[in-house]
Amino acid sequence: MSETFEPKIIAFVCTYCTYAGADLAGTSRLKYAPNVRIIRLPCTGRISPMFILKALQKGADGVLISGCHPGDCHFTHGNYHARRRWMVFRALLDFIGIPPERVKYSWISAAEGVKFAEFINSVTEDIRKLGPFEQYTQLIEQTQAPASL
Amino acid sequence: MSIEEQYRTRAKELLSGGAVKMVIGYGKGSNAKRRRPIFISSADEVDRLVLDDACITNLSGYLVSEGLLSDEKRVAVFLRPEGIRAINILAAESQLDAEQIVIFGFDVAGNEIKALKGINVEEFSDVIDSIKEGAPEAAEEELFEKIEKMSPQERFSFWQEEFAKCIKCYACRQACPMCYCRRCIVDSNQPQWVNTSSHTLGNFEWNIVRAFHLSGRCVECGNCDRACPVNIPLRLINHRMAEEVLGAFDHFAGTSKTQEPVLASFKKDDSETFIL
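Chains as they are written, first to last, in our numbering: chain A, 1 to 149; chain B, 1 to 276.
Among the hints, erroneous ones may be present.
Claimed, not checked - A partial selection of chain A residues facing chain B, derived with a Cβ cut-off under 8 Å: (1) Ile39; (2) Cys43; (3) Pro49; (4) Leu53; (5) Gln57; (6) Lys58; (7) Phe75; (8) Arg84; (9) Lys104; (10) Tyr105; (11) Trp107; (12) Phe119; (13) Gln142.
Keep in mind the hints are simulated off the structure, nothing from the lab. Here a beta-carbon is modelled for each residue, glycine too, at the ideal position from N, C-alpha and C.
With the rest of the complex left out, here is chain B:
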C-alpha cells in the first residue's frame, strides 16, 4: 500500500472515530505540478488527500489560525521534517499545545516519498537531530557563497537590486508559520518604524526586520521564498541567520518543544568579541 493510501486510511480512522476534528493536508492544485492545502473534517472526504513530491508547502502555519485549537480538540496535519520543527518552535513559544497535534510525517528524497514514523512531535527527535548533524546547506549554495565573498558595498548593491523589486505585499509574512503576531511591526503606525510605501529604503528595512524576527526561529521550509511574487532570494538571508545562531549559540531551531528561544535566553559567557 502506498504511503498516500496508508495516510488516507489513517485519516479516515481518526476522523470517523472522532480522535481528530480536522485533517490538514494536500489536495489537487490548479495544475498537475501544484498542490493546495485542504482542510478535511469528515471521513467521506479523505480521498481528496494527495501525497507526492509536489507537496512542499509547510502547513504548520494553519495550526495557529485563530480559534482552531481553542476547543482543545486534536488536529492532524501533514508535515515534512521542517514542519515538525516548526511545531516544536510554536509549542516552545506557547502558541499551541503539542499534545493537540497529530502528525502525518513524510519526507521527500528525489521524487520518492518516505513516511516518517510517529504521531506526537517528540517521536521525531531522531529525524530532527539527523538534519542538524547534516548541517543543511543553503538552497542556492553557489549564490550564497558568492554573496559572502562580496565587499559590503557590493553586497549592499546586490540586495538593493533585489529589494528594489519588493512590492511590500507581505506574502512572505503571511506564508510564514513563525509570523503569527496579531499585530506585525509594519502594521503599527505610532511610531511608523518601517516606511509603508514600497521604495527601496523601506523595503530594506522591512526585509531586515523580517529576517531578524525569524533569526533562531526559521526552519528554512522555504514558504516565504516560494510565496514571493518577485522572487527575492529570502531563504539566503534566513539561512545566514540560522548559520549565525548555530555557530554563535549552538542553537538549532525546533529540536524540542521545550527548547528555549535563542533570543529570549542567554548565557553569561556568550561571545562578545565585538563589544569594545
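If we strip away everything but chain A, and leave its shape as in the complex, we get:
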C-alpha cells in the first residue's frame, strides 16, 4: 500500500462526561485526528460488549471507550459496573487473540477537552502503528455479508 493507512476507530462515549469533553475540545478549537467516529450513549454502563464486537465486525481497526471518572457517574455507579465488565472482557479478547491494544478505555470528564484531544490523537497513532486488523478483516471478507443492522 502506497497510501498511508488511516485507521477507522469507533468511540463509545457517555453523554454526560466524555461527550461533553469532546464538545469542549470542539469549542476550544482543539485539533485532533479525524479517524474517530463517536457514538454517544447514556452511560458507560450502557456499553454492551456486543457493541465492541459489532464495531469490529463492521471493519473498525480500533475501538475506544470512555466515560465519567469513578465517582462522577450521572447514574452514581454505571461506570463501576462497566469497569468490572471491561476487566473481564479484556481478558477474554486477549485469550481469543484479539489484541487488547485495539480496544482502549479511558475516563474523560466534561472539563477535560484537552485530555480528549490528546487521547484521540494517541490512540489513532497507536492503531496506525498496529496497522489494519488483517486477521479480522479476512474473516469479514469471507462472510461477504452486506452491512446490516
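Mind docking chain B on chain A? Use the hints.
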C-alpha cells in the same frame, strides 16, 4: 450397602412419602459407558437409578425447566460438586428457590464413588470451599498453557481453526445449566448482533458472547465441552474466565446461595490499571 443402593433407598422413601415429586438422576445409556438423565416420579421406578463413575453430566440445568418448580413442591437431584455450585448460582440469580432442591451429592475420585453428606445446598459449603482452595486446573492444562504463551496472532489463528469447525448448533448453550435465558442474544434479530450463518466470523462472535455471559458464573462442569459435536475446547475459554474473576475480584462462582453475581456488583477500588 453401596452408595447406589443407599441413594435408591433414599429416593424411594422420599417419593413414597411425598417429600419430593420427582427425582432427577442417571439411568442406563445407549452403551455401558454412557448414562442418560432420567426423571422419576414414582417409587416403583427407583431401581432404574444408576450411580457410577460414568455419571458425569451436570443435571442442575433441568431444574430450571419451565414450570417444574412453580408448584413449590420439592425435587431431588443427583449432583456432583460442580452441580451443587450451579444450584447456588441459580439461587443467587433468583432462578430457583434452593429450599425446593433436595440434593443427592456424590463425587468421583478415580473410579470410586464418594457420597457427599447433606440435603440442602448450604450443607455442602465445606466441599465447595475445598474446591476453591485446591485452585482447580484446566482439564487440559498443557494446551491451556500453550495458548497462554502464544502471541495474539497465533492465538487468533488457533481459535480461528477451532471456531471454523463450529456449526452453530448451540448445543453448548442447551447443555449449560447457566444458559437459561428465555431469549438468547443469538435468537434476537433486531438488531442481529451475531451473524446467524456459521462462518468463522459469526462463530467467533458467538463463542465470545457465550464465554462472556458465563464469566463469573461458570462452574466448569464441562457440559458444553462434552455436548460440542465438533470438539471445540470450550472449557479452556471458560477456565480462563474463571481464573480472571478469581484473580481480579476474588470471586469463585457458586460458593453460597446469597453470593452476589460478580458482574452485577462492584467495589469502588476495583482494579483499573488498563484505563487511561
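Now the hints, each set against the structure:
1. Ile39: 14 Å, violated
2. Cys43: Violated, because the Cβ-Cβ distance from A/Cys43 to chain B comes to roughly 14 Å (cut-off 8 Å).
3. Pro49: 6 Å, holds
4. Leu53: 5 Å, holds
5. Gln57: Since the shortest Cβ distance to chain B is 7 Å, the answer is holds.
6. Lys58: Violated - the Cβ of A/Lys58 stays beyond 8 Å from chain B, reaching only about 11 Å at its closest.
7. Phe75: This interface hint is violated because 13 Å lies over the 8 Å limit.
8. Arg84: 5 Å, holds
9. Lys104: 7 Å, holds
10. Tyr105: Since chain B brings a Cβ to about 5 Å from A/Tyr105, closer than 8 Å, the hint holds.
11. Trp107: With a closest approach of 6 Å, the A/Trp107 hint holds.
12. Phe119: The hint holds - A/Phe119 has a Cβ within 8 Å of chain B, the shortest such distance being about 7 Å.
13. Gln142: 6 Å, holds
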